[in-house]
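Student: Using the sequences and the hints given, assemble the complete structure.
2 protein chains.
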Amino acid sequence: RCHHCSPAMLDVPFLPFCAFLGALGLLCVAMVGTWCQHWRGGFSLDGSSRTFNWHPVLMVTGLVVLYGAAALVYRIPNTWSGPKLPWKVLHGSLALGAFVLTVLGLEAVFCFHNSQGTPNMYSLHSWMGLATVLLFSCQWAAGFAAFLLPWAPTWLRALYKPIHVFFGSTILMLSVASCVSGINEKLFFSLKNGTMAYKLLPAEAVFANTLGLLILIFGVLVVAALARPSWKRPDSDSPDSRQVQDALGG
Amino acid sequence: RCHHCSPAMLDVPFLPFCAFLGALGLLCVAMVGTWCQHWRGGFSLDGSSRTFNWHPVLMVTGLVVLYGAAALVYRIPNTWSGPKLPWKVLHGSLALGAFVLTVLGLEAVFCFHNSQGTPNMYSLHSWMGLATVLLFSCQWAAGFAAFLLPWAPTWLRALYKPIHVFFGSTILMLSVASCVSGINEKLFFSLKNGTMAYKLLPAEAVFANTLGLLILIFGVLVVAALARPSWKRPDSDSPDSRQVQDALGG
Numbered sequence: 001r002c003h004h005c006s007p008a009m010l011d012v013p014f015l016p017f018c019a020f021l022g023a024l025g026l027l028c029v030a031m032v033g034t035w036c037q038h039w040r041g042g043f044s045l046d047g048s049s050r051t052f053n054w055h056p057v058l059m060v061t062g063l064v065v066l067y068g069a070a071a072l073v074y075r076i077p078n079t080w081s082g083p084k085l086p087w088k089v090l091h092g093s094l095a096l097g098a099f100v101l102t103v104l105g106l107e108a109v110f111c112f113h114n115s116q117g118t119p120n121m122y123s124l125h126s127w128m129g130l131a132t133v134l135l136f137s138c139q140w141a142a143g144f145a146a147f148l149l150p151w152a153p154t155w156l157r158a159l160y161k162p163i164h165v166f167f168g169s170t171i172l173m174l175s176v177a178s179c180v181s182g183i184n185e186k187l188f189f190s191l192k193n194g195t196m197a198y199k200l201l202p203a204e205a206v207f208a209n210t211l212g213l214l215i216l217i218f219g220v221l222v223v224a225a226l227a228r229p230s231w232k233r234p235d236s237d238s239p240d241s242r243q244v245q246d247a248l249g250g
Numbered sequence: 001r002c003h004h005c006s007p008a009m010l011d012v013p014f015l016p017f018c019a020f021l022g023a024l025g026l027l028c029v030a031m032v033g034t035w036c037q038h039w040r041g042g043f044s045l046d047g048s049s050r051t052f053n054w055h056p057v058l059m060v061t062g063l064v065v066l067y068g069a070a071a072l073v074y075r076i077p078n079t080w081s082g083p084k085l086p087w088k089v090l091h092g093s094l095a096l097g098a099f100v101l102t103v104l105g106l107e108a109v110f111c112f113h114n115s116q117g118t119p120n121m122y123s124l125h126s127w128m129g130l131a132t133v134l135l136f137s138c139q140w141a142a143g144f145a146a147f148l149l150p151w152a153p154t155w156l157r158a159l160y161k162p163i164h165v166f167f168g169s170t171i172l173m174l175s176v177a178s179c180v181s182g183i184n185e186k187l188f189f190s191l192k193n194g195t196m197a198y199k200l201l202p203a204e205a206v207f208a209n210t211l212g213l214l215i216l217i218f219g220v221l222v223v224a225a226l227a228r229p230s231w232k233r234p235d236s237d238s239p240d241s242r243q244v245q246d247a248l249g250g
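From first to last, the protein sequence lines stand for chains W and H.
Using the UniProt record's numbering, read the first sequence as starting at 1 and increasing by one per residue.
Using the UniProt record's numbering, read the second sequence as starting at 1 and increasing by one per residue.
Take the hints with a grain of salt, since some may be wrong.
[To be verified] Label-pair ranges, simulated between beta-carbon atoms:
no., chain 1, residue 1, chain 2, residue 2, range
1, H, LEU149, W, PRO83, 49 to 57 Å
2, H, SER49, W, PHE207, 48 to 56 Å
3, W, GLN116, H, GLY97, 40 to 48 Å
4, H, ILE163, W, PHE14, 33 to 41 Å
5, H, PRO153, W, ALA197, 47 to 55 Å
6, H, PRO119, W, PHE14, 23 to 31 Å
7, H, ALA141, W, TRP155, 47 to 55 Å
8, W, ILE217, H, LEU26, 25 to 33 Å
9, H, LEU130, W, ALA197, 47 to 55 Å
10, H, GLN37, W, LEU156, 43 to 51 Å
11, H, SER230, W, LEU130, 49 to 57 Å
[As the list claims (entries may be wrong)] List of simulated lysine-lysine pairs, BS3-like, C-alpha gap at most 27 Å:
no., chain 1, residue 1, chain 2, residue 2
12, W, LYS232, W, LYS84
13, H, LYS88, H, LYS232
14, W, LYS88, W, LYS232
15, H, LYS232, H, LYS84
16, H, LYS199, W, LYS199
17, H, LYS199, W, LYS192
18, H, LYS232, W, LYS232
19, H, LYS192, W, LYS192
20, W, LYS199, H, LYS192
The set of hints was computed from the structure by calculation and includes no laboratory data.
In this text the structure is predicted, and so the values were computed from the model without any measurement.
Quick reminder that beta carbons are idealized off the backbone N, C-alpha and C, glycines included.
Tutor: Next comes the structure, spelled out in structure tokens:
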């Protein structure tokens with residue numbers, strides 16, 4: 001009896017959803033900072049575990065939250081008309097900012113390992129994280145070359161665009177999976193002594209587990225927002241370009 | 001000069017892609033079984049770590065591979081014509097099989113913890129995994145009630161379908177993230193003594209890290225296949241039902 005209200009009921013407007021995502025992203029950044037400051041001894045550059053603490057903060061801020069913001073730029077309705085270049089520059093700059101924070105985040109953990117004599121790159125977390133960062137660097141370089149430099153021919157841009165869109169969502173899923181495995185691993189490392197063991201679920205464990213779940217929710221919501229057809233640039237709705245743009249699942 | 005070849009070049013046919021996914025899924029199952037059999041002492045029902053070994057095998061087989069197969073049923077072109085009921089029954093049965101294996105996988109880890117006196121449900125891995133299984137049980141029950149029982153009105157089915165599709169992909173992403181955090185955690189637990197420590201990257205660590213990456217690739221490819229518009233049932237391409245079906249990012 002209410003067949004036609006169903007699409008309308010699910011048709012959340014983009015901007016309020018985006019404001020909610022922004023608040024959720026800021027909450028994740030605040031929580032990862034609080035975790036490292038309040039329970040893990042704060043921050044320094046001396047190669048100690050206080051140097052390591054930059055790693056989760058920079059990764060959550062760069063590779064999840066700022067990356068998510070960069071990915072969502074073309075879903076803002078204002079970007080659908082007028083010159084494209086300023087929006088391309090904004091998208092590329094936010095992604096570059098995310099990339100710089102990510103590289104600093106890697107630097108923090110390598111510096112910590114090296115000063116402690118711990119080998120680098122042995123855990124599944126590190127393999128997955130490095131694969132994510134390598135994909136991100138290829139994504140940024142190829143996006144810059146194809147869409148910002150003037151030399152790429154139209155057919156190459158059309159061919160590469162769905163690949164860029166597909167890897168955009170994929171890299172975010174991988175970075176979220178890297179974050180939760182890293183938080184899990186860090187809690188096992190840190191909460192070892194008798195009164196504070198992870199398995200007794202002290203306040204720090206509840207706090208950081210909750211942070212992990214919020215990062216997952218943030219990632220799922222950004223990927224869903226990217227995939228939603230009614231939030232995509234309308235000029236990509238012609239059957240031909242739609243097939244190109246969506247061909248790989250973007 | 002080659003503008004029209006771009007969509008065609010990306011237009012992989014579904015069935016060969018599906019065969020590749022099937023082979024990748026079987027490889028993941030074979031590898032998790034080999035890991036537990038060859039390096040972790042095999043399987044038993046006595047509450048020891050050999051009982052725990054059922055946990056990764058059942059979770060990868062049920063919550064990732066069989067779940068992925070269930071999710072892809074409606075992408076088989078044969079399902080697009082003729083009566084829908086047999087395909088609905090197949091989809092629901094594969095999902096039920098995945099759910100049963102998942103519950104047995106939970107049973108294995110609870111049985112192991114209880115017989116060792118280890119608390120349950122403290123790690124981020126366990127929180128994320130349990131959230132995934134709870135979402136999966138709601139998804140199965142609501143799907144059964146809305147699409148297989150005859151009483152749901154058409155408007156309710158139309159309203160619920162995009163939600164079911166959205167959670168279908170989301171649950172798979174969460175189960176993949178749960179698997180990789182679990183493999184990472186298990187390797188830290190198991191590879192502790194001097195000669196075999198995880199950080200020295202013994203053969204077992206390389207093998208299980210590779211398994212984790214293959215599970216990630218399997219999950220990303222299934223989610224991408226589900227999202228690809230040209231692989232969806234054509235009758236959902238009318239503007240109205242397409243908006244409903246895709247509204248939440250399916």
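Student: Sort out which numbered hints this structure fails and list those numbers smallest first.
Tutor: 2, 4, 6, 9 and 11
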